[in-house]
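Colleague: Listed here are the chains, written in short residue letters.
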Amino acid sequence: MANTALQADPSHDDAGHHDDHEHHENLAHHFDTYEQQFDAGKLGIWVFLVTEVLFFGGLFCAYALYRNLRPDVFAGSSEFLNTKLGAINTGVLLFSSLTMAWGVRCAQLRQHKMLAGMLAATLSCAAIFLGVKAIEYSHKWSMGLLPAGLYTYDPANPHPAGGPNYLLWICAPFAIGLLFVVGWLIIAKIKKDEFKVRVLMPLTVVFACFFVGVQLGTILESGGEGEHAAGDDHHVVAGADGHAEHGDDHAEGRADEHLEDLDQPNNLAIEKADLAGLEVLAQDQSNPGARDTLEALKRQEAVASGSVLQGDQRPVESPTEKRVTATPKQAGVFFSIYYCMTGVHAIHILAGMGVMIWLLVRATRAEFNENYFGPIDYVGLYWHLVDLIWIYLFPLLYLIGK
Amino acid sequence: MTTGAATAPGGVRDAGFVSDNENYLKNSSGVLSWMFTLDHKRIGIMYLVGILTSFLGGGLLAMVIRYHLMAPGGATTISNDAYNQLFTLHGAIMVFLFIIPSIPAALGNFLVPVMLGAKDVAFPRLNLSSFYLWVGGAIFFVGALLMNGLDTGWTFYTPYSTSTDTSVVMATFGAFILGFSSIFTGLNFIVTINTMRPPGMTWFRMPLFLWATYATSIIQVLATPVLGITLLLLIAENVMHIGIFDPEFNGDPVTYQHFFWFYSHPAVYIMILPAFGIISELISVHSHKGIFGYRFIAYSSIALALLSFLVWGHHMFTSGMSSVTVVIFSALTFTVSVPSAIKVFNWVATMYKGAISLTTPMCYALAFLFLFTIGGLTGLFLGTISTDLHLHDTYFVVAHFHYVMMGGTVVSFVGGLFHWWPKMTGKMFNEAGGRISALIVFVGFNLTFLPQFLLGNQGMPRRYATYDPEFQWLHQLSSIGAFTLGIGLLVAGLVLLHSLYAGRQAPANPWGGATLEWHCTSPPPFYNFKHAPVVGDPYEFANVHYDEATDNYVFTELPRTLVPEEPVKTPTPAGGQS
Ligand SMILES: [Cu+2]
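Heads up: the sequence lines are chains L and P, in that order.
The numbering of the first sequence is my numbering, which starts it at 403 and goes up by one.
The numbering of the second sequence is my numbering, which starts it at 2 and goes up by one.
Derived from the structure by calculation, the hints contain no laboratory data.
For glycine and all other residues, C-beta sits at the position ideal for the given N, C-alpha and C.
Between beta-carbon pairs, the in silico distance windows are:
no., chain 1, residue 1, chain 2, residue 2, range
1, L, Y568, P, V255, 33 to 39 Å
2, L, L467, P, V349, 42 to 48 Å
3, L, L790, P, Y133, 28 to 34 Å
4, L, K515, P, V32, 42 to 48 Å
5, P, S164, L, I621, 40 to 46 Å
6, P, S320, L, Y794, 27 to 33 Å
7, L, Y568, P, Y133, 32 to 38 Å
8, L, Y568, P, Y68, 51 to 57 Å
9, P, S320, L, L801, 31 to 37 Å
10, P, M36, L, L570, 37 to 43 Å
11, P, R126, L, P575, 26 to 32 Å
12, L, E427, P, S320, 56 to 62 Å
13, L, G585, P, R126, 30 to 36 Å
14, P, T54, L, E427, 39 to 45 Å
Work out the full structure, taking the sequences as your base and the hints as a guide.
Modeller: Structure representation (structure tokens):
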């Protein structure tokens, strides 16, 4: 978005207002100097990043609220996430930030081929990230580890048979993309269109890297067999489903345990003494405020301990009430927040990839130089932010239960 | 500037008239030349058409609502459910499609670069895309209306918005898109004002409209993303029940209110701050007197922008927050009144001993002063906890925010539209007609909303389709006022439309303004200024003189000096101290 202004405005090119300064390539008509143009773009992207931070800020806020309200749910549910995959993705993104920053340097030094290479490397890392994420998502979906309303995970049968093959659906668009790019590449080769070949070659690698990520994810997700074989006394689900290829069963076992603890009334941070004091105050007819506060506190405690969810205080009447009682665990809220945060983050990765493909085309055209490297710089800043957000997401989601 | 510039003897300078092939309205023609234009002025005009259409739509809905309320049981056959949809659509259209983009996106787009002496905003394509985002958001809104309607109120409170079967998802997605339109406009203005000021225009030589726009942009950029994520979570809540806002899944509806008002209180300042900017210009220019307390007005805009982020809880005094929170939010709310009062004081002081011309824009500015003051003062009753408990969700609230939003923002928007109309279109409107419209609007407005203060205080709740017979006479008074108000705005619209066909050619500076937009022709050429113009004090009227022959104001001598002269350093003799 920051690049919108950076090309000369075609609709005004016929105008006579260029005669007071000679025409500069890539200097928009309403800027006087390259420096002014660069400063405007730079400020623009920084302001945009501020909006991004606030956008994610809402999600982090929701995370803080609900983790504070139900710490055990979060710690327990976090066990379901595969730390290895998260760590791999963190490393991949960090490396992509390096190649991106290197790309900015290349643009300034007019190393056009190197720049294209760096952009391709960054794009490939992004694709690997998404490939690994596809494995994580599809595995969790098939287990029913879904947002609160759709949550169907059953500790007795964590890997229900049947259900759609989610991985196939996620991979389909990338497979189509890969076929499309390869086909186009072959046509370009035949037609000897040198420019298209130079753009499409790295793109083929990028799309292929998605499947590298998928493969990597599959290997790591089914790794750790030995640990599993070493015996896990508390394994609730062992043998029940025959899903031995999933090494994270170990973690699942622990997660189940955690969640079962939740049936115990959860001691909120309400001081018992305060409660007693309030109860005395609430006896007084003229003190409805104290009564309300007391009721609210009790209600909060009930919500936190999960007894509201079990729905045992109210008769089951409406269909929605039934839905509530059918919701087995509170873990849903963790996965709600998990999917919202990582989903919005993944959308940002996709958007970044889109912009970088556009930069790759321009880099292949050798458009950037020491005067004009703004777009690379701006997209780089955006990419670092996306990276940075993941660096917060990883510990907050994956590591809290350990 | 170049074409047809009238250079009268004696150093008098006048921009003259623009030639057809330089006129931004005529230099290219055809629908596509407008649809794909990157010219900020044309984008501003397209916005203007869009938001005025929304205003018409929202206004007609208001008329239907007021007509329905003529009788206690409803004067029309509209069902109570349909009534819920009516006021929801009225509110949502007015807030999201009209008021928020009204001044910044329509007038701001046109004026910001011209006032800066720049050729365009920093990111023209982003500017165009923000317009199309607005169009996209509007389509979703209208789509929601055509599908299942919407009956949540414009605030989309949970849990109702997660259980109703009206088109909440579609409407909130529309609002989400509109949010991006707003963010992009704000971002563009921040960058434009920061990096594209001409030589000599320091921060404190900027017209106050730019200060107000800048403060508005800060809020747009900081608050709107939070609305974006809130609406996204609300959509997710509706689609897959994420259990964050929906109590059925252990979510917390009050969290939704916090999220929502964290944006929507600052959004009130997105609506009113640019209006303050317009009033600062109008009062100074039409009193032909420099603005009083320039720095106070400038700083108070920024102060309002920052304070607006600290007071959102005053919408939730009855939502069950802890009493400590309530007290803190109430106290912080009162701090907002300080910068607002500073502004009103400075405007009044500006008029004192000024040579006031009661032109149409000035009439609207005076109406604004009166209405906004009432709106602001009644806000104090709602910020006070004890009175708010009585007045919460009554017509008192309705009257209060209409005094601020409609009496404040809309009246100043119409005033600003009259003020810059000659600059935007190159046509003068009928003065008498304009003044009459201002009078009808003023009378109609007060007749509509003063009774509502009484209604609210007597306990009439807002958003009800029916009411007790004892409220009838006040409701009828209010409805008659609303129709009067509608007629007043209709007259204003007709006066402006009439000018397009029959108005005389506008001179460069019909009001005697000193800011840069009055230095280029009316309408401006598509490049605004051939060279960066020379900048001086935007409120120095000593060299602006009325020229009777052309009914125009001209700048005598060389009107502006460059940067305040730095003390000339006398070369020190060799061997002197270095
Ligand atoms: Cu507020």
